[in-house]
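Based on the provided sequences and hints, a complete structural model is requested.
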Amino acid sequence: MRREHFLTWARAGVAALLSWALAAPAVAAGGGKGASKLVNVADTRGLEPGLSRWIAGVYNESFWLFGLLTVAVMVGMGLILGLATDKAVGLLGINLGKISHHE
Amino acid sequence: MELFEIYLPVAGIHFNVLVLLLIGFTVGVCGGFFGIGGAWIVTPALNIFGFPMPYAIGTDLAHIGGKSIVSTIRHGKFGNVDVRLGVAMILGTTIGMELGANLVIKLEQMGLAEGMIRKMYIVFLGAIGSYVLYDYLTHTRRQRQVKAGLEVAATGETVAQKLQRIKIPPMVHFHASGITCSVWLPVLVGLTTGIVAAVLGVGGGFIRMPALIYLIGCPTAVAVGTDLFEVMITGAYGAFTYGVKGRVELIAAMWMLFAAAIGAQLGTVAIKYVRGYAIRLLFAITIFVACSSVVLKQLEFQLASAITILVAGIGISLVIIAWLVKGIVDERAGRLPANHA
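If you read the sequences in order, they're chains F and H.
Counting in my numbering, the first sequence runs without a single skipped number right up to 103 at its last residue.
Counting in my numbering, the second sequence runs without a single skipped number right up to 341 at its last residue.
Cut-off 25 Å, straight-line C-alpha distance, at most; resulting in silico cross-link-like pairs (BS3-like, lysine-lysine):
#1 326/H to 77/H
#2 326/H to 98/F
#3 326/H to 87/F
#4 106/H to 297/H
#5 77/H to 98/F
#6 77/H to 87/F
#7 87/F to 98/F
#8 297/H to 119/H
#9 119/H to 106/H
#10 245/H to 106/H
No lab work stands behind these hints, which were simulated from the structure alone.
Remember, it's a predicted structure, so these values are computed and weren't measured experimentally.
Here's what the structure looks like:
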C-alpha cells in the first residue's frame, strides 16, 4: 500500500517535471500566449540603394502592392522583350509571315 | 564565379545569375516549341541550386507569365493562336482547376493525396507519352508505305472528328484551327484538363497540348500557340496570386525572363522548320523524361530526379536550336521544301 502510494507520487512528480520542461521554452519566449503568424520580411541590410532595394522595400510594405508589381513587371518585360526579340529575329533575314500548317 | 553571385532579398539567398539565365533560356526554348509553361523543369532546377521550394514555385510561375507573352506574340504572327478556342478552353480550365483543387482537399482529408497523386502523375505521363509515340510511329509507317507505293489501309475517323460531329448548339467555327464544333467541346476538354492539372498540381500545358490535338482536332502548331495563349493568362494570374502571398523572388524572375524571352523566341521560330509530327515525337520523349524524373522522386532519389530533368531540358533545347539553325541555313540556301512557307 505504502509502495503504491510512493509510485503515484513519483509518477505525478515526473509528469510535473516533464510539463515544466516542455513549457519552459514557451515561457522563456514570452509566456504562454498563442503564437503569432510568421511574417516574411526581405532582408535589406547591406543592400545598396537601387532596384533590388526598392523591390525589397515594396515587398516589406505590402504584399498586395508586391503582387501587382510582380504582374506589372512580368507583363511589361514580356511585351518589351517579346517585341525586341521579334525585331532581332527579323534581322536574320528569314520569312516570318504566316506559316502553313504541315503535319 | 563569385562575380556572378547576386543577393536575392526576398528569398534571402545568394544565387548565381548564370544559373538563372541557363534555366530561363532552356525553359524558354522548350516552352516556345511545345507550348508549355515548363514548371516541371524550372521548379526542381531552382530547388536543387538552393531556392526554397515555395519561392521556386512562385518565381517560376511569375516568369512563365512573361515568357508566354513573348511566345504568344510570335505564334500569333505565325497564325498559330486561336483566340476564340483559347478563351473557351480558359472558361473550362478555370472551373476544372477549382473542382480539382477541392478533390485534392478531399483526398488529403482521406490521407490519400501524397502517394496517390504521384502515382497518378506517373500513369498519366506514361499514358500520354505512349499515345503520342504510338501516333507518331503509326503515322511514320503509313508515310513509308505511301512512299513505297504500297496500299495503305483507311485510318477511319479520329476521336477528334467523332467529337466534332456532336452538334450541341452553339456551333462555332474556330478560324485558326480550321475546325467547326460545339463550343461545349473545348469547354469540356478545358474542364477535364483543368481537373487533372489541379489534382496533379501542375500548370497543365503538357496535358492541354495533346488534348487540343487529339480531342479537339487542332493542327499541332495551332495547339502549341493556343496552349501558350492560355499559359500566358494562367501564368499572369499565378504571378499575382503568389506575389500577394510574398512567394515570388522578383529579381530572379526578371533575370530568368530575360533569358527565357530569347529562348522562347528561338523555340517558337523553330516551329516553322519542323513538321507537326516531329514536334509530337520530341514531345513524347520529353514526357517520358518527365515521367522517369517523377519515378526517381517516388523512389526518393530527389537529386537524381532534379538533375535528370535539368540535363534533359538542356539536351532537348539543344535539339530544337539545332533544328532551327538547320532550317534557317536551308531556307537561305533555298533548300526548304515547298510546303514549308
